[in-house]
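Novice: Sequence:
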Amino acid sequence: MKSVAGLAVLLVWAAVCTAAEPAPEEDYELISGIWVRNDHDAKGSPLRVEQELTRDLSKVSVYDRLGRRVHHHQAKYRLQRMDDASLFIY
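Numbering-wise, the sequence shown is residues 253 to 342 according to our numbering.
Treat the hints with care, since some could be wrong.
As the list claims (entries may be wrong) - Result set (SDA-like, lysine to any residue): computed pairs, CA atoms no more than 20 Å apart in a straight line:
(1) K328 <-> R307
(2) K311 <-> V288
(3) K328 <-> L282
Quick caveat, the hints were computed from the structure, so don't treat them as lab data.
Construct the entire structure; sequences and hints are all you get.
Specialist: Put into C-alpha cells, the structure is as follows:
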C-alpha cells in the first residue's frame, strides 16, 4: 500500500514540477508572516504550532502547554502556479 501511495505522490510531483510556472512575487507577499494553529500531542496535551513564512524559507516551531519549544524545523520552498491553482512546494 505504501509503495502505491509513494508512486502516486511521485507521479503527481513530477507532473506539477514540469507543468507549473513560477509564482509572481505578490503570491509570496500574500502568504508571508506567522501562521498559528492549535493541535494536540498523542496524550491529548495542547500544542501551539507556529509557521513563519519568508520569501523562500518556511520555519515551523511547536510549543507545549507551558510555552516550551518541543520541535523546530525549516525547509526551503517555492510557489508555483498551474492554471487557477496555487502550489506550495517544499
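Novice: State for each hint whether it applies.
Specialist: Now the hints, each set against the structure:
1. Restraint check: the Cα-Cα separation between K328 and R307 comes to about 9 Å, which is no more than 20 Å; the hinted pair holds.
2. About 12 Å separates the Cα atoms of K311 and V288, which keeps this hinted pair within 20 Å; it holds.
3. In summary, the hint linking K328 to L282 is supported, as the alpha carbons are separated by about 17 Å, within the 20 Å threshold.
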